[in-house]
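Chains as they are written, first to last, in the working numbering: chain A, 1 to 256; chain B, 1 to 68; chain C, 1 to 379.
Treat the hints as calculated values from the structure; they're not laboratory data. We put the CB at the ideal spot given by N, CA and C, even for glycine. Check the hints yourself; a few may be wrong.
Reference excerpt, derived from the structure (chain C facing chain A, CB under 10 Å, subset only) [stated by the list, open to error]:
1. Glu59
2. Ser114
3. Ala222
4. Pro226
5. Met239
6. Glu240
7. Gly242
8. Trp313
9. Ser320
10. Asp322
11. Ala324
12. Glu329
13. Phe377
14. Ser378
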Amino acid sequence: MQEFKIADQTYTSRLLIGTSGYPNFHIMTESIAASGAEIATVSMRRVKFTDTSGENLFALLRERGMTILPNTAGCFTAKDAILTANLAREALDTSLIKLEVIGDEETLFPDVEQLLSAAETLVKDDFTVLPYCNDDPITCKKLEDIGCAAVMPLGAPIGSGMGIRNPYNIQIIRDLVQVPLIVDAGVGTASDAAIAMELGCDGVLLNTAVAKAHRPVLMAEAMKKAVEAGRAAFLAGRIPRKLYATASSPQVGMIE
Amino acid sequence: MNISVNGEEKTVSPDLNIHDLLTVLEMDPTQAGIAVAVDREVIPKTEWQTIEIRENSEVEIIRAVQGG
Amino acid sequence: MKNKKILIIGGGVIGLGIGWQLAKSGASVTIYEQAEAGRAASWAAAGMLAPLAEAHTEEPELLKLGCQSLALYPQWVRELEADAEMPIGYRVEGTLIVGLEPDDTHQLRHLYASQQDLGLNVEWLTGRAAREIEPALSPRVTAAIHCETDHQVDNRLMVKALQRAYQRYGGALHENNAVESIQIGNGIATGIKTQDGEKYNADVIMLSAGCESAQIQGLPDAIRPPVRPVKGQMLALQMEDGITVKNVIRTVRARYPMSVYLVPRTDGRLIVGATSEEMGFDTRLTAGGIFELLRGAWEAVPGIYELPLLETWTGLRPGSRDNAPILGETPVENLIYATGHYRNGILLTPITAYEISKLILTGETSETIAPFRLDRFSA
C-alpha cells in the first residue's frame, strides 16, 4: 500500500483538519482527537498585547504530537502570502505552508496568477508548499512543475459544504500529477470525503464540515472512517458501471 | 522614539533591540510560537538580541491562532 | 454558620447577586470591585435570556442550567424588585431567529434540526408568519424560528437593583479597589490583599471577577480558572415614531461571518450586538465592528435607518474553555468560584446566586451545579 508522505514525513492518517469555528476550545480538541488527524492547520495573526490569558493553540497541538500546518488565509497578494509564510516558519519552526492567495472575499476562490508567483518564490526559499488551488488540471500541473510538495484543489468553495463539484476534474488531476493530491475545501459530510478518496486523492483537508456539525466530535469520527473507507475502496478497485444487470448468484443448478 | 507595533503607534526609548521591545510590551521573548517582522522583513530569533529598532519602524509580532 | 465572614472578589451581577442572597440571610459580606460595581460585562450585556437560541448540541449541561435559570426568573424578578423597590425591565416577548436569503434558510433549518434533537420548544415560521409577529422585520425575511420562551431583562437596571438590594441588607461594597492577590496557605484560602496593600482575612473567599479572574495573583497554576476575555462591540439606537421592535430578533446569515441581534428595551432603546473577538483585553471600537452590526441590523429591520444612534460600547465576556461557567468549590479550602459565564452571565445570574449562596451557607454542592466545578477541566 502506497504511503502518505509529505516532505519525507509519513502519516498514517490521510485526513488533515482545520482548527477554526468550533463551538469552543474543548470541543475543538476532542474533535481533532476523534478525527485521528495528524496534521492540523492554523492561521497566523497579530499578537494582542492585552492578551495574557489566551489559550496557546501552538503549545496545545504540539503537546499532542500534531504536525502544524500554518496557512496564509486572508492574503490577497503574493507579497502578503510570502511574508506570512516567512513569519509562520519563524514562529512555528516548520517549513510547511498551506499557501492560500484569495482572489475575492465573497467566493474565496484562489487568485491563480498570484498563487503561482507566490509558490515559485516560496519553493525557491525552501518551503514545503501545499497550495490551495482551483480544481483546474493545468493549474495543478503548473504548481507541481514549480516544485510544490502537494496540490490541494478545492472540491467546492470554502465552507460551502457542496461536496466534490467536479469529480472528473479531480480524476484528470490525479492522472496528471505525481505529488500528493489533497482535496481542500467543499466537504460537507462523510460521503464527500469518501468520494474524494475513491477518486484517488491522497488525502482530504476539511474544517467547517466538522466544526459546524451538530455534533462535531461525532462528525470527526465519521470523517476518519470515510477517508479510510474511500482509500480502501480506491485501492480495491471499483467495478465498471454498466446499464444492465448481471446476476450475482449462480445461474446453474436452479431448482426446477 | 516613535514606532508602530501591529498597527499601533507606540513611543519607546531609543536603542531597543527586539528582545527588549518584547519585554517592554510585557511579552515573554522566550515563549514558543511567535515571530517578528520589522518593515516587512522577518527577523530570526537568533538576531533578536542584536538587531536594534530604528525610528518609524513598522514592527509586526504574530502567533498562531485557530484557522482552516 | 450565618456569622461567617465572606469576601467577594468582583462586583458584577454574579458577585452582587450572591452577595445579596448571603447578606439577606444574615451573613457578613464584603465585595471588592476594581472599578465601579456592575459596569463591566454586566453593563455591556444585552440582557437576553435565551437558552434556546444559544443552545448547542454538544453543550447539553449548559442548556439545562440555562433553562433552569430562566425558570427561576419570575421568582427572581419578584424578589429583587421588592427588595430594591425598582423595576428591572423583565420582558416576556419571545425571540425570533430570522434568515434573509435561501442560504440563510438552509442554515436556519440546520439550527432548527439541532433544536428539535434537543427537544426544545421552538416553532418554524414562514417569513410572512414572522412578520405578523414582528411587523418591523424586512419583507426579505425568508423564514424564522420562534423561541417563545426566550425572554429578556434590562441588565443595567438589574445591576442597579442588585446593588441597592445588597446594600439594603448591610452588604459592604468597596469600589475602585482591586484585589491583587488571594492568600493561600496549606491549601486553605485565608484572605486577600488589595491594590492599596491592605490585607483582609475571611472565612470564605468567593471569586467572581469575570474575565479578570485568571489575573488574580496567588492562585497556583493548577487552579487558575481558564477564563479569557472575548470582546464584543455593541450599540444602542433610540426607537421612535412607528419604528417599534417588540421581540428580540437574531439573524442567521450564511453569507457573513457574523450574526447580529436586536433587543428592544422598555425605555425605547434598541440594543444591537455583538461582535465576538479574541483580542485579549483590547476594548477599542472598530469601524468594521460597528459596520457589521449596522449592516446586519439594517438588513433585518430596514426601519432602523433613520433612528438616532445613542451609544456605542465594547465589553469583555468572561469565556471559559468550554463556554460553561466555573461554579463551586475548588481544591483550595474556603475558596469558591463563580466565574466564566461567557455569553450567559445575565441569564445564569439567578441560578448562580441561589446555588452559590446556598453552597457557602451550607457547605453542600447541589447536583445542579456539580457538573460545573473547576475539576471538570482536569479530567
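Here is what the structure says about each hint:
Hint on C:Glu59 holds. Least Cβ distance to chain A is approximately 7 Å, under the 10 Å limit. Proximity of C:Ser114 to chain A holds as hinted, the smallest CB-CB distance being about 4 Å (cut-off 10 Å). Look at C:Ala222: its Cβ only gets to about 15 Å from chain A, farther than 10 Å, so that hint breaks. Taking 10 Å as the C-beta contact cut-off toward chain A, the hint placing C:Pro226 at the interface holds, the least distance being around 7 Å.
Proximity of C:Met239 to chain A is violated relative to the hint, the smallest CB-CB distance being about 33 Å (cut-off 10 Å). Given hint, C:Glu240 at the interface with chain A, is violated; its Cβ is 35 Å from that chain's nearest Cβ, farther than 10 Å. Checking C:Gly242 against chain A by beta carbon gives a least distance of about 35 Å; that is not within 10 Å, so the hint is violated. Residue-level restraint check for C:Trp313 is violated (minimum Cβ-Cβ distance to chain A is 17 Å; threshold 10 Å).
About 8 Å separates the beta-carbon of C:Ser320 from the nearest beta-carbon of chain A, less than 10 Å, and the hint is met. Taking 10 Å as the C-beta contact cut-off toward chain A, the hint placing C:Asp322 at the interface holds, the least distance being around 4 Å. A cut of 10 Å between beta carbons decides the hint on C:Ala324: the least distance to chain A is about 8 Å, and the hint holds. With a cut of 10 Å, the hint placing C:Glu329 at the interface with chain A is violated, because the nearest CB-to-CB distance is about 21 Å.
Interface restraint check for C:Phe377: the shortest CB-CB distance to chain A comes to about 8 Å, inside 10 Å, so the restraint holds. Contact between C:Ser378 and chain A, as hinted, is not supported at the beta carbon level, the nearest pair being about 13 Å apart and thus beyond 10 Å.
Hint compliance for this structure: hints 3, 5, 6, 7, 8, 12 and 14 are not met, and every other hint is.
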